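2 protein chains.
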Amino acid sequence: LTQGLDIDDELWSRWRNEAYRRFVEDIEIGYVDPDIVPLIKLIFSKRSIFSISSCSGRVVAVDTTYPWVREDASIIFKKHSPLTLNELISIINTPIRYRCWIIVSGPILHIVAKSLESATKVLNLARSCGFKHSGIISLRRDGIVLELISGTWTSFLVKELDTVLIDLKHAEKLLKTVNEILEEGKRRLQRLEDALKHADL
Amino acid sequence: LTQGLDIDDELWSRWRNEAYRRFVEDIEIGYVDPDIVPLIKLIFSKRSIFSISSCSGRVVAVDTTYPWVREDASIIFKKHSPLTLNELISIINTPIRYRCWIIVSGPILHIVAKSLESATKVLNLARSCGFKHSGIISLRRDGIVLELISGTWTSFLVKELDTVLIDLKHAEKLLKTVNEILEEGKRRLQRLEDALKHADL
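Chains A and B, in that order, give the protein sequences. End of the first sequence sits at 207 in my numbering; the numbers just go up one at a time, nothing left out. End of the second sequence sits at 207 in my numbering; the numbers just go up one at a time, nothing left out.
Some clues are possibly wrong.
No copy labels: a pair is met if it fits in one copy or bridges any two.
Claimed, not checked - Below are the DSSO-like pairs computed for lysine-lysine, each with C-alpha atoms no more than 27 angstroms apart in a straight line: (1) 138 / 127; (2) 127 / 182; (3) 127 / 52; (4) 47 / 84; (5) 192 / 138; (6) 84 / 52; (7) 52 / 175; (8) 84 / 179; (9) 52 / 85; (10) 179 / 192; (11) 138 / 85; (12) 182 / 192; (13) 138 / 84; (14) 203 / 84; (15) 175 / 84; (16) 85 / 175; (17) 192 / 203; (18) 175 / 203; (19) 179 / 52.
No lab work stands behind these hints: they were computed from the structure. As the structure is a computational prediction, the values presented were derived from the model and not from experiment.
Please construct the entire structure, taking both the sequences and the accompanying hints into account.
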């Protein structure tokens, strides 16, 4: 049984050009995290893939019932580089309505491939660089959408309403862990960039 | 550009039979979490998909540097149902070598589809039931492998070596959060089962 997947080359190219235009614009505005710019440029230099969104990894503090709940959630703090003790204290001192979660996310990239072959190549390459939760999230006429994601995601529940749930005497240990996790994400991003340099895609 | 994806019907059926045999065996041994049995049976009743592995969601306490590090990690505790205060205290009292993380994972299923069409149908259905991080993880000659996963994953760093990092005075608040997260995962599993009942797959 051979199954056809129709991808329209022209639609793919149009989407690619649009994504590239937006990427350049986002750099100018300052939307793009500088840590990820060389990798995205490298991806756009390939024949069979392009990038539609990306994040190099970040620390976020959110006031929400659960980390995945977006309705009525407020971002208290967001940073793409290591958290300082003063920042942590200021997060803890911010009044909240639900729970304060500090979330450290690893890098995430959305890539559009032109063929099943290039999609599979990217998936295998990404997994070998530590992006172990990667997959095809959509098969469309204008391309195959991949999500490249590492498992370096962690949450820390620090407060519920006025009650601080962590032991502040040991805040430095928490801080150190948060920053190590962020750095591990950046290391995997670097590994992906190195591997992509030599990949025929 | 029409791209061929060759799936061998006979190989797919052989894999399906093997997976079904193992599922039945695992039920007998007691390996399968009872919460998920009806859903897996339902999946096996469909023409174009089968299941190769599944978990209904669980609470695990692990001694490891980071949640994703498996080398030299030890499982201190594992349960597919709500955590009790006594269990939490016993986890905290367990001597460790690195860090103690309590990890609450939502349900996860691996499904093998016979065609791109059925794979896409399952993906859309899963996403609509709260399995928002689902994707195709592998395109093989014997089937398209899907990972259905919800975003209801959280970690709680409770200890580093001998240092307890949470405030034990408020352990019940942590416990309540852990169990609510576990329950949310089970709810999404139920939603998936309900939606699958009426799906033509």
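Okay, the hints, checked on the actual structure:
1. 138 / 127: This pair counts as both: shortest intra-copy Cα distance 14 angstroms, inter-copy 24 angstroms.
2. 127 / 182: neither (36 angstroms within a copy, 43 angstroms between copies)
3. 127 / 52: within (13 angstroms within a copy, 31 angstroms between copies)
4. 47 / 84: For residue 47 and residue 84, only the intra-copy Cα distance (24 angstroms) is at most 27 angstroms; the inter-copy one is 44 angstroms.
5. 192 / 138: both (15 angstroms within a copy, 24 angstroms between copies)
6. 84 / 52: Classified as neither: same-chain Cα gap 31 angstroms, cross-chain 45 angstroms, threshold 27 angstroms.
7. 52 / 175: neither (50 angstroms within a copy, 55 angstroms between copies)
8. 84 / 179: both (20 angstroms within a copy, 25 angstroms between copies)
9. 52 / 85: neither (30 angstroms within a copy, 46 angstroms between copies)
10. 179 / 192: Cα proximity of residue 179 and residue 192: one copy only (20 angstroms, versus 33 angstroms across).
11. 138 / 85: both (24 angstroms within a copy, 25 angstroms between copies)
12. 182 / 192: within (15 angstroms within a copy, 33 angstroms between copies)
13. 138 / 84: So residue 138 and residue 84 pass the 27 angstroms test inside a copy (25 angstroms) and across (23 angstroms) alike.
14. 203 / 84: neither (30 angstroms within a copy, 42 angstroms between copies)
15. 175 / 84: Classified as within; 24 angstroms inside a copy, 29 angstroms across copies.
16. 85 / 175: within (24 angstroms within a copy, 31 angstroms between copies)
17. 192 / 203: Result: close within a single copy only, 17 angstroms intra versus 43 angstroms inter.
18. 175 / 203: neither (45 angstroms within a copy, 52 angstroms between copies)
19. 179 / 52: For residue 179 and residue 52, the Cα distance exceeds 27 angstroms both inside one copy (42 angstroms) and across copies (50 angstroms).
In summary, the numbered hints that this structure violates are 2, 6, 7, 9, 14, 18 and 19.
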